[in-house]
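Per the working numbering, the very first residue in the sequence shown carries number 17; after that it's consecutive.
Hints listed in this document are in silico derivations from the structure and should not be mistaken for laboratory results. The C-beta atom is built at its ideal place from N, Cα and C for all residues, glycine as well. Treat the hints with care, as some may be off.
Stated by the list, open to error - Per label pair, the in silico range of CB-to-CB distance: (1) P93 - R35: 21 to 27 Å; (2) R35 - N128: 15 to 21 Å; (3) F68 - E112: 29 to 35 Å; (4) K39 - D63: 33 to 39 Å; (5) A30 - V131: 46 to 52 Å; (6) N34 - R137: 42 to 48 Å.
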Amino acid sequence: MLDTLGLTAPALEAEIENRMVNKIKTVMLELGYGFSFIGNQYRVVVDDSEYFIDLLFYNRRLQSLVAMEIKRGKFQPEYAGKMNFYLNLLDDFVREPHENPSIGIILCSERNRCVVEYALRGIKSPIGVSEFRLSKNLALPHIRGHFN
Numbered sequence: 017m018l019d020t021l022g023l024t025a026p027a028l029e030a031e032i033e034n035r036m037v038n039k040i041k042t043v044m045l046e047l048g049y050g051f052s053f054i055g056n057q058y059r060v061v062v063d064d065s066e067y068f069i070d071l072l073f074y075n076r077r078l079q080s081l082v083a084m085e086i087k088r089g090k091f092q093p094e095y096a097g098k099m100n101f102y103l104n105l106l107d108d109f110v111r112e113p114h115e116n117p118s119i120g121i122i123l124c125s126e127r128n129r130c131v132v133e134y135a136l137r138g139i140k141s142p143i144g145v146s147e148f149r150l151s152k153n154l155a156l157p158h159i160r161g162h163f164n
């Protein structure tokens with residue numbers, strides 16, 4: 017479904033590609049320099065169980081995988097444990113030997129700094145928790161918040 021590209025039929029292949037690239041560029045610029053998109057609902061299998069990471073990126077500057085989980089509601093402490101679990105899986109099964117440890121970002125619509133700090137205390141993996149808000153003008157998430 018390419019409805020979000022605002023195209024009318026018939027469209028040239030180059031126009032479809034340009035619109036898709038512009039959407040991708042906008043999201044990637046929100047994240048910052050050096051990010052590459054690896055996949056969404058990224059599947060990791062351990063023993064007979066499979067797990068899905070919402071979004072997986074690679075940061076060239078940091079030379080590490082960046083897992084992102086998106087939560088619609090208020091931050092819950094169990095999100096930190098789940099992200100730590102995902103980062104351990106990535107480090108053991110996906111990360112290349114020359115890469116740095118994986119990084120986790122939890123985006124939620126609301127967070128309490130004190131709850132976040134207690135939830136992340138003792139976790140050695142680099143995990144950040146941030147709020148997002150939707151802009152009526154851009155219809156893209158704007159990330160703001162504190163990364164631990």
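Structure-based check of all given hints:
no., hint, verdict
1, P93 - R35: 21 to 27 Å, "40 Å, violated"
2, R35 - N128: 15 to 21 Å, "39 Å, violated"
3, F68 - E112: 29 to 35 Å, "21 Å, violated"
4, K39 - D63: 33 to 39 Å, "37 Å, holds"
5, A30 - V131: 46 to 52 Å, "49 Å, holds"
6, N34 - R137: 42 to 48 Å, "47 Å, holds"
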